[in-house]
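Protein chains in written order, with full-length UniProt numbering: chain Y, 1 to 345; chain R, 1 to 345; chain D, 1 to 345.
Worth flagging that the hints you see were computed from the coordinates, not collected in a lab.
Do not rely on the hints blindly, as some may be mistaken.
As the list claims (entries may be wrong) - Covered, in the sense of this in silico footprint (three residues per stretch, anywhere, with C-beta under 8 Å from a C-beta of chain Y), are these stretches of chain D:
1. 4–16
2. 24–31
3. 220–230
4. 233–242
These numbers were taken from a predicted model, which means no experiment stands behind them.
Just so it is clear, CB atoms sit at the ideal spot from N, CA and C, and this is done for glycine as well.
Take a look at the letters that make up each chain.
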Amino acid sequence: MAGTKTNAGRFFEDYAVGQTIHHAVPRTVKGGERALYHALYPARHALYSSDQFARSCGMPFSPMDDLITFHIVFGKTVPDVSLNAVANLGYAQGRWLAPVWPGDTLRSVSEVIGVKQNSNGKTGVVYVRTAGYNQDDTKVLEYVRWVMVRKRDINAPAPAEVVPNLPKALSLGQLHIPDDLDFTNYDFTLAGEPHRWGDYEIGEKIDHVDGVTVEEAEHMMATRLWQNTAKVHFDTSARPDGSRLIYGGHVISMARALSFNGLANAQMIVGLNGGAHANPCLSGDTIRAWSEVLDKADTSAPGVGAIRLRLVATKGGDPFKLKGEDGKYLPDVLLDLDYWALMPK
Amino acid sequence: MAGTKTNAGRFFEDYAVGQTIHHAVPRTVKGGERALYHALYPARHALYSSDQFARSCGMPFSPMDDLITFHIVFGKTVPDVSLNAVANLGYAQGRWLAPVWPGDTLRSVSEVIGVKQNSNGKTGVVYVRTAGYNQDDTKVLEYVRWVMVRKRDINAPAPAEVVPNLPKALSLGQLHIPDDLDFTNYDFTLAGEPHRWGDYEIGEKIDHVDGVTVEEAEHMMATRLWQNTAKVHFDTSARPDGSRLIYGGHVISMARALSFNGLANAQMIVGLNGGAHANPCLSGDTIRAWSEVLDKADTSAPGVGAIRLRLVATKGGDPFKLKGEDGKYLPDVLLDLDYWALMPK
Amino acid sequence: MAGTKTNAGRFFEDYAVGQTIHHAVPRTVKGGERALYHALYPARHALYSSDQFARSCGMPFSPMDDLITFHIVFGKTVPDVSLNAVANLGYAQGRWLAPVWPGDTLRSVSEVIGVKQNSNGKTGVVYVRTAGYNQDDTKVLEYVRWVMVRKRDINAPAPAEVVPNLPKALSLGQLHIPDDLDFTNYDFTLAGEPHRWGDYEIGEKIDHVDGVTVEEAEHMMATRLWQNTAKVHFDTSARPDGSRLIYGGHVISMARALSFNGLANAQMIVGLNGGAHANPCLSGDTIRAWSEVLDKADTSAPGVGAIRLRLVATKGGDPFKLKGEDGKYLPDVLLDLDYWALMPK
Numbered sequence: 001m002a003g004t005k006t007n008a009g010r011f012f013e014d015y016a017v018g019q020t021i022h023h024a025v026p027r028t029v030k031g032g033e034r035a036l037y038h039a040l041y042p043a044r045h046a047l048y049s050s051d052q053f054a055r056s057c058g059m060p061f062s063p064m065d066d067l068i069t070f071h072i073v074f075g076k077t078v079p080d081v082s083l084n085a086v087a088n089l090g091y092a093q094g095r096w097l098a099p100v101w102p103g104d105t106l107r108s109v110s111e112v113i114g115v116k117q118n119s120n121g122k123t124g125v126v127y128v129r130t131a132g133y134n135q136d137d138t139k140v141l142e143y144v145r146w147v148m149v150r151k152r153d154i155n156a157p158a159p160a161e162v163v164p165n166l167p168k169a170l171s172l173g174q175l176h177i178p179d180d181l182d183f184t185n186y187d188f189t190l191a192g193e194p195h196r197w198g199d200y201e202i203g204e205k206i207d208h209v210d211g212v213t214v215e216e217a218e219h220m221m222a223t224r225l226w227q228n229t230a231k232v233h234f235d236t237s238a239r240p241d242g243s244r245l246i247y248g249g250h251v252i253s254m255a256r257a258l259s260f261n262g263l264a265n266a267q268m269i270v271g272l273n274g275g276a277h278a279n280p281c282l283s284g285d286t287i288r289a290w291s292e293v294l295d296k297a298d299t300s301a302p303g304v305g306a307i308r309l310r311l312v313a314t315k316g317g318d319p320f321k322l323k324g325e326d327g328k329y330l331p332d333v334l335l336d337l338d339y340w341a342l343m344p345k
Numbered sequence: 001m002a003g004t005k006t007n008a009g010r011f012f013e014d015y016a017v018g019q020t021i022h023h024a025v026p027r028t029v030k031g032g033e034r035a036l037y038h039a040l041y042p043a044r045h046a047l048y049s050s051d052q053f054a055r056s057c058g059m060p061f062s063p064m065d066d067l068i069t070f071h072i073v074f075g076k077t078v079p080d081v082s083l084n085a086v087a088n089l090g091y092a093q094g095r096w097l098a099p100v101w102p103g104d105t106l107r108s109v110s111e112v113i114g115v116k117q118n119s120n121g122k123t124g125v126v127y128v129r130t131a132g133y134n135q136d137d138t139k140v141l142e143y144v145r146w147v148m149v150r151k152r153d154i155n156a157p158a159p160a161e162v163v164p165n166l167p168k169a170l171s172l173g174q175l176h177i178p179d180d181l182d183f184t185n186y187d188f189t190l191a192g193e194p195h196r197w198g199d200y201e202i203g204e205k206i207d208h209v210d211g212v213t214v215e216e217a218e219h220m221m222a223t224r225l226w227q228n229t230a231k232v233h234f235d236t237s238a239r240p241d242g243s244r245l246i247y248g249g250h251v252i253s254m255a256r257a258l259s260f261n262g263l264a265n266a267q268m269i270v271g272l273n274g275g276a277h278a279n280p281c282l283s284g285d286t287i288r289a290w291s292e293v294l295d296k297a298d299t300s301a302p303g304v305g306a307i308r309l310r311l312v313a314t315k316g317g318d319p320f321k322l323k324g325e326d327g328k329y330l331p332d333v334l335l336d337l338d339y340w341a342l343m344p345k
Numbered sequence: 001m002a003g004t005k006t007n008a009g010r011f012f013e014d015y016a017v018g019q020t021i022h023h024a025v026p027r028t029v030k031g032g033e034r035a036l037y038h039a040l041y042p043a044r045h046a047l048y049s050s051d052q053f054a055r056s057c058g059m060p061f062s063p064m065d066d067l068i069t070f071h072i073v074f075g076k077t078v079p080d081v082s083l084n085a086v087a088n089l090g091y092a093q094g095r096w097l098a099p100v101w102p103g104d105t106l107r108s109v110s111e112v113i114g115v116k117q118n119s120n121g122k123t124g125v126v127y128v129r130t131a132g133y134n135q136d137d138t139k140v141l142e143y144v145r146w147v148m149v150r151k152r153d154i155n156a157p158a159p160a161e162v163v164p165n166l167p168k169a170l171s172l173g174q175l176h177i178p179d180d181l182d183f184t185n186y187d188f189t190l191a192g193e194p195h196r197w198g199d200y201e202i203g204e205k206i207d208h209v210d211g212v213t214v215e216e217a218e219h220m221m222a223t224r225l226w227q228n229t230a231k232v233h234f235d236t237s238a239r240p241d242g243s244r245l246i247y248g249g250h251v252i253s254m255a256r257a258l259s260f261n262g263l264a265n266a267q268m269i270v271g272l273n274g275g276a277h278a279n280p281c282l283s284g285d286t287i288r289a290w291s292e293v294l295d296k297a298d299t300s301a302p303g304v305g306a307i308r309l310r311l312v313a314t315k316g317g318d319p320f321k322l323k324g325e326d327g328k329y330l331p332d333v334l335l336d337l338d339y340w341a342l343m344p345k
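Isolated chain Y (complex conformation) (with noise of 0.2 Å):
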């Protein structure tokens, strides 16, 4: 009866529209997760660095990073959702919907929102609707993940085809801004940039300059800290060229933190409009990253603005190129991600 415990994922005809899954192993998440998240990227946005500067925001003390949530809440649906998974092929509808405090406790739930088999036969797209919920069963985040996932048997009939009507943004009204927000005492010299919401224009590019050349021992680190646990991402034999694909989101996070240099000020992700993560990122590559405004929105909150933002990552190249000729991205580009984000007026 060797192997009968073990998780071995689900298939493609495991999944049902209507499925509600409950993830498992939830997690306390403390300082000592910050410390490490700020150890691993060069994160230094003054309002998730210092418990000083987000009471000057009106916060009690400094939330946890937007992406912590984010890769912890994902990292819950590894076991269920992509163990099998051949791409992560996107996401969408992603809104942090409450701030996450050193001390509460995550977990998971996914509902499956669409599924479509392959014309080959042999895979076929799940849609997921994820939601992280705290201790209080607060809504914290939820997004739209779809991944391509092997089929079990190619002859198992292919169900029903929905395939969910994913906008390419969210709306201004969609995005969720923590109650007490206040911009209007903003510190831009602690901030480490003089940038306001104001001084972007939509269309306007920004090379983040800075460089990070990423390595085995810090990917597999921040991977197991968001308790992820796809086997491409730790093992040598799980990919026929001995590589270890790095975690997305790892790149995700890198790029974000080197995105500080030119828009430090864009404090607090609350939106996930969408995501590709267009080449396999491996230890050894240098990630560059760059953004481009790309609509900006007012709010209601003292002093704060909405801004919509492309980041992209390299692992070289000329900034500012994204895709071939033929439409397709640039062999050297990581990472095409579209998020709105928070600023002072």
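Given the coordinates of chain Y, assemble chains R and D onto it according to the supplied hints.
Chains R and D in isolation, oriented as in the chain Y frame:
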């Protein structure tokens, strides 16, 4: 007078049965150590991941991982016990006697309980019983370990041979179950697997499937965190081949964390019956693990059963292979550990 | 308008004597930072390891390691002081003025106290006095550092030369001893060594014996944790040979931690008289350390003596060798640091 103030470590002649050694450098452990543990190992047992889950099991919040306690208590003994050790030969009679909570301060005390000179006259075996205490002088852990230690002077006379009688396993009555532990409201969904104590059979073997390729930076960070100072783990000039030997406890923690997949509900380690570090582990090795159910015992704590497990870590080869026809460990076997854990019934 | 929002760093012409620079991104430090420090360095000084031990020395609990304070205060100055630095030339007049406790928030302010253009006309030396403050605006640390900085325009006129008068060492009266520090009940067994202040002689040298081979992942994690953004530490494309230069402070912390073996009771760093990063340190180097007692001074605090130490880090070679016949540091010398520490009498 250079060098006279540094610790050269004890040699075989320096130990005598009945000696008590108060080990240096007490350590306060908090959430930071826990976060690092969860970054260094794919640790997912819910009792140690979520304060909420721990409360549902009768505890005030998550205790420190049992192996954190082991590593810290062990690490303190290294400068006094194993700085000149040739080999760490075995463990026995290990008992976790009280949970360690964030904020507790641990110190270690060892008593020499046996000495036996080897026939070559150059080395001897020293047996110590080590206890870890918290700031209230409550004993939190005790275990016996024996090591082979060099003589300073090969002409020194052999001491009277004392070899302690060490039973192969702890009996149920020797296991300490925390007072308020209660698994009657255990949430198997949040814990990650449905398998109860009653679902495991003596003789059953489980391949834990996953593997982790280990890196120098990781094992050194772990070993330093436990304030273990053995040169061979850190200094490429300490061994003839220039490799850094990975602390055996790193392999124990990695294998235990990997065993989640199939033993997610073997929550709490309460006894260490024995253990052997069968072969050295080096950076680049991919650690895998398998377990065998050696014994089971019912307990009087509500909903709590005890399970005795063999945990084997390998760096390759087929699972479930342990020793060759010559009775020796196969070259790919890293660890053979025998422990008692508590599970929900 | 790409790139106009990123920080290109100051050049030599941008500094003027009397200028005050308020550095960005305050940082709240807690147990997570401490745990990481103890994972990255073999730090074992008992005052910083155990809340109980700290209480026995008159403190409410363990303060943050003195070098954590230094690294955080220093790290904040990098974007403003050393982003275009060619070399970090020296330190002087460093004084720790108040313990930093978990939960404190640190920020840094520098005053330019000297400028001197080099005869080549391409670079100049800038002297700054940097102070670190906590959330109550208490000064916790101050030190002078001077760096060689590139000119933006080599035709820019040289400023009036101002070179501050910097004494070679702090006097006893300049050292700040925390109010309640009391070593009269000092537990030498728990601290790890029996050697008191009175046991050290001026001129005495100590080989700290142990070595640590350093890894890329470790020094980058450390340097990021201090929010030090200098490109050369992270980006293999920043230096012609593709190597990542290890932050000099990483070598300081490694050497200080190694000095435990022989100086376990040199608990608290209170003064930095001077320091030179003699040669670059790279991943793969094995750091060793030796110390020389330069001076001693009695203090009025109960049981507390002050000791002035030279701490030398090397990457090989014989201990106690510092400079060649040409008066230059030998190629294996990494660090020559001169500091005051407090010890039990």
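Against the structure, the hints come out as follows:
no., hint, verdict
1, 4–16, "holds (count 3)"
2, 24–31, "holds (count 7)"
3, 220–230, "holds (count 7)"
4, 233–242, "holds (count 5)"
Taken one by one, the earlier hints all hold for this structure without exception.
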